[in-house]
Amino acid sequence: MVQFDGLRPARLKVGIISAGRVGTALGVALERADHVVVACSAVSHASLQRAGRRLPDTPVLPPPDVAAAAELLLLTVPDSELAGLVSGLAATSAIRPGTLVAHTSGANGVGILAPLTRQGCIPLAIHPAMTFTGSDEDISRLPDTCFGITAADGVGYAIAQSLVLEMGGEPFSVREDARILYHAALAHASNHIVTVLADALEALRAGLRGDELLGQQCVDDQPGESPNASSDRWPARRWRTRCSVGRPR
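Numbering-wise, my numbering puts 893 at position 106 of the sequence shown, and it's gapless, one number per residue.
Rather than coming from a laboratory, the hints here were simulated on the basis of the structure.
Heads up, some of the hints might be wrong.
Below 25 Å or equal to it, Euclidean Cα-Cα: the simulated DMTMM-like pairs (lysine to aspartate or glutamate) are [stated by the list, open to error]:
no.	residue 1	residue 2
1	Lys-800	Glu-953
2	Lys-800	Asp-844
3	Lys-800	Asp-940
4	Lys-800	Glu-868
5	Lys-800	Asp-821
6	Lys-800	Asp-852
Quick list of the computed label-pair ranges, beta carbon to beta carbon [stated by the list, open to error]:
no.	residue 1	residue 2	range
7	Glu-818	Gly-907	51 to 57 Å
8	Pro-843	Pro-902	28 to 34 Å
9	Glu-963	Gly-839	18 to 24 Å
Note that beta-carbon positions come from the ideal geometry of N, C-alpha and C, so glycine has one too.
Given these sequences and hints, build the entire structure.
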């Protein structure tokens, strides 16, 4: 059973199912916090390569063996595979009572872990609210990333918060019945950010003339005429006039 120093997790033996973009990034972050990734599972060639690169000292084992070795088990499979994985692990009885079991699904709370909770595991939902590309930048971006956490009780919340803080993240609580709405809101915002960025790039391209951006005079003004001046001295109409996008020629 996992031992705790107050409500702070002790140094934990971590197992990861599976070694994808999310799982390996979290594994590196946890090892930097002095936890030890003792086993991971990987099936695809890409996952095997990623595990070898990011977690070179971690053996690749079948999921039941990963679960049996772990004090903290991270389930980082796609949402569509999570329920089946949980049921399969419960059927093997490989996970010891008292094991922390955390998934990274945004749309699910701890209810989906019920088959393992009934076997004495401590269920946690820890969702990093960022897009993972598979590059090493994922690891460097984890610090200051917000993590939506859900747990079955106050002790679980404290453990989840501690784990997130150890990885450098910013934990915030999401109610069990609000997980679907939370996930939908993130997806909605992400999709619109992509659209806004695409539109911004299109506008920049339209405003380029040679190597110079039209409207550069906006940052080359005389003293006293800075755009940082008060709004009554720099009304929006002056921005539109002086920083207008070039007309098609």
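Hint-by-hint comparison with the structure:
1. Lys-800 x Glu-953: holds (15 Å)
2. Lys-800 x Asp-844: holds (13 Å)
3. Lys-800 x Asp-940: holds (23 Å)
4. Lys-800 x Glu-868: holds (24 Å)
5. Lys-800 x Asp-821: holds (10 Å)
6. Lys-800 x Asp-852: It holds: about 13 Å lies between the C-alpha atoms, which stays within 25 Å.
7. Glu-818 x Gly-907: 51 to 57 Å: Distance hint for Glu-818, Gly-907 is violated at roughly 26 Å.
8. Pro-843 x Pro-902: 28 to 34 Å: Because 33 Å falls inside the window, the suggested range holds.
9. Glu-963 x Gly-839: 18 to 24 Å: violated (37 Å)
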